[in-house]
Amino acid sequence: MTQAETAVRIGSVFVDRDRCVGSGLCIAIAPGIFALDAAGQSTVTREPSPAETEGVLEAADTCPVMAISIPGTRPSTRTTDGGRA
Amino acid sequence: MATSFTVGPLADDAIRDPYAYYGRLRESDPVYWEDTIGSWFVTRYEDVVRILRNPAQFSSRTLTESVPAFPPIDPSDVSLREHVRASEAASFIRIDRPEHATMRRTVQQRFTPKEIERWRPVVRLLVEKLLDDLQQQGSMDIVGDLARPLPLAMITTMMGVPEADRPDVRAAIDRLLELRQADPHRFRRIEPAITWLETYLGQLLEERHRRPADDLLTLLVQAERNGVLSRERSLANGIFLLHAGQVTTVSLISNGMLAFLRHPDQWRHLAEDPAARIAPAVEEVLRYEPSVKAFDRMVTTDTLFERRELKAGQRVYCVISSANRDARRFGDPDRLDIDRSPNPHLTFGSGFHSCLGANLVRIEAQEIFSALAARFPSITLACTDSDLEYIPSLVHRQLRDLPVMWRQ
Numbered sequence: 798m799t800q801a802e803t804a805v806r807i808g809s810v811f812v813d814r815d816r817c818v819g820s821g822l823c824i825a826i827a828p829g830i831f832a833l834d835a836a837g838q839s840t841v842t843r844e845p846s847p848a849e850t851e852g853v854l855e856a857a858d859t860c861p862v863m864a865i866s867i868p869g870t871r872p873s874t875r876t877t878d879g880g881r882a
Numbered sequence: 159m160a161t162s163f164t165v166g167p168l169a170d171d172a173i174r175d176p177y178a179y180y181g182r183l184r185e186s187d188p189v190y191w192e193d194t195i196g197s198w199f200v201t202r203y204e205d206v207v208r209i210l211r212n213p214a215q216f217s218s219r220t221l222t223e224s225v226p227a228f229p230p231i232d233p234s235d236v237s238l239r240e241h242v243r244a245s246e247a248a249s250f251i252r253i254d255r256p257e258h259a260t261m262r263r264t265v266q267q268r269f270t271p272k273e274i275e276r277w278r279p280v281v282r283l284l285v286e287k288l289l290d291d292l293q294q295q296g297s298m299d300i301v302g303d304l305a306r307p308l309p310l311a312m313i314t315t316m317m318g319v320p321e322a323d324r325p326d327v328r329a330a331i332d333r334l335l336e337l338r339q340a341d342p343h344r345f346r347r348i349e350p351a352i353t354w355l356e357t358y359l360g361q362l363l364e365e366r367h368r369r370p371a372d373d374l375l376t377l378l379v380q381a382e383r384n385g386v387l388s389r390e391r392s393l394a395n396g397i398f399l400l401h402a403g404q405v406t407t408v409s410l411i412s413n414g415m416l417a418f419l420r421h422p423d424q425w426r427h428l429a430e431d432p433a434a435r436i437a438p439a440v441e442e443v444l445r446y447e448p449s450v451k452a453f454d455r456m457v458t459t460d461t462l463f464e465r466r467e468l469k470a471g472q473r474v475y476c477v478i479s480s481a482n483r484d485a486r487r488f489g490d491p492d493r494l495d496i497d498r499s500p501n502p503h504l505t506f507g508s509g510f511h512s513c514l515g516a517n518l519v520r521i522e523a524q525e526i527f528s529a530l531a532a533r534f535p536s537i538t539l540a541c542t543d544s545d546l547e548y549i550p551s552l553v554h555r556q557l558r559d560l561p562v563m564w565r566q
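Each protein sequence line maps, in turn, to chains A and B. Take 798 as the starting number for the first sequence in my numbering and just add one per residue. Take 159 as the starting number for the second sequence in my numbering and just add one per residue.
Just so you know, the hints here were simulated from the structure itself, not pulled from any lab data. The hints are all genuine.
Residues on chain A that point at chain B, a partial pick, calculated with CB under 10 Å:
#	residue
1	R816
2	V818
3	G819
4	S820
5	G821
6	L822
7	I824
8	A825
9	L833
10	E855
11	C860
12	A864
Note that beta-carbon positions come from the ideal geometry of N, C-alpha and C, so glycine has one too.
Start from the sequences and build out the full structure, keeping to the hints where you can.
Structure follows, in structure tokens:
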């Protein structure tokens with residue numbers, strides 16, 4: 798499946814349900830925006846207000862399995878192409 | 159032969175009280191180059207967060223081949239250290255995105271709040287059994303009698319390491335505590351421990367290939383089959399999980415108990431209502447005594463940071479022991495206050511390398527401290543405070559022992 802088929806989208810925040818394992822970190826960081834569903838996966842509950850944007854960006858930065866994406870925002874600070882030791 | 163430092167973060171006074179040592183630097187020189195270690199040290203909360211949240215500029219690949227051992231080692235031990243370095247560098251804590259996410263995903267599912275909560279009854283039973291056996295003694299060594307056995311039992315159970323092998327596994331893991339100590343010959347002891355762990359875990363992984371089980375080793379085997387992990391990397395990550403699951407929790411339980419012994423009002427406050435107060439109390443202990451004093455990162459490109467010129471390839475230590483005590487972020491930061499809320503400590507890091515085992519260590523500490531407070535409200539130190547000793551590590555804050563006693 799492609800991301801478009803599996804992602805939950807509300808506003809501009811995506812949670813890729815193929816990747817999400819329910820770490821709960823996004824909910825701890827942005828509790829009003831993310832919630833765990835019955836399957837134990839994160840869902841986006843509503844569009845973040847401008848004041849909440851920073852928390853959502855932090856949640857995307859923090860997600861250990863890179864399941865959260867926010868198209869068009871600072872991708873260069875969230876990923877690096879290194880790591881092939 | 160041990161190298162001893164009289165200045166810097168490995169000097170006796172800084173090992174004993176890193177809060178005073180780094181606290182002075184936090185005010186006078188918050189981004190400073192430490193010559194004895196050959197690294198930058200960053201001590202303010204906001205600066206630490208900025209670094210941990212900027213992995214493109216500050217990489218977790220701090221153990222590449224070109225980086226010499228630190229603290230320095232004897233030249234004759236370079237090949238021993240290279241084996242250990244390669245193992246350390248292959249664990250996901252030392253790897254950047256996007257590869258980190260793929261590797262961490264192999265085991266993340268077992269560390270979610272929901273999954274970890276299912277272990278709470280097991281933890282509670284283990285704690286009760288340990289304390290039942292100790293209760294009549296009237297005294298114990300918190301480190302050896304309580305802080306070591308519980309996390310060892312938990313991480314080896316979750317991994318799938320047979321109970322009979324735990325003493326050998328623990329002995330090998332304990333050797334890794336020397337990694338950031340000063341002895342230039344330390345790799346003569348560390349390398350055989352890594353070799354033993356690789357051989358031992360290699361046998362267990364072969365068994366899981368033949369007969370899968372419900373454990374972390376089986377998840378590593380699945381990742382091998384899916385092509386996510388090479389055998390080398392699944393061994394490195396197995397060793398990392400055992401090490402991280404053991405050492406940091408031992409420190410938290412011992413250092414946390416000492417913090418309570420030094421703040422008897424807070425211990426009594428917890429003992430009055432452990433069920434209601436234990437969760438914030440454990441967060442406060444995490445803030446007050448972070449088990450890992452500093453996380454390191456590697457500068458990827460030359461950059462100006464707080465008016466300092468950081469060069470590509472230089473190491474930066476983010477000092478959690480200092481950031482957690484920064485008065486710019488926490489009111490009355492040197493006071494242990496178990497009701498503190500909110501408590502945005504950095505003990506588990508920040509960003510996508512945030513501690514995988516955070517929920518596990520939380521329930522282990524919650525169960526231990528609430529049981530201790532309920533059973534031993536009058537617990538006291540059974541030695542002179544100044545007799546307590548820490549292992550001389552740059553990274554780990556680990557007491558050698560912590561004798562306590564209580565009224566029968």
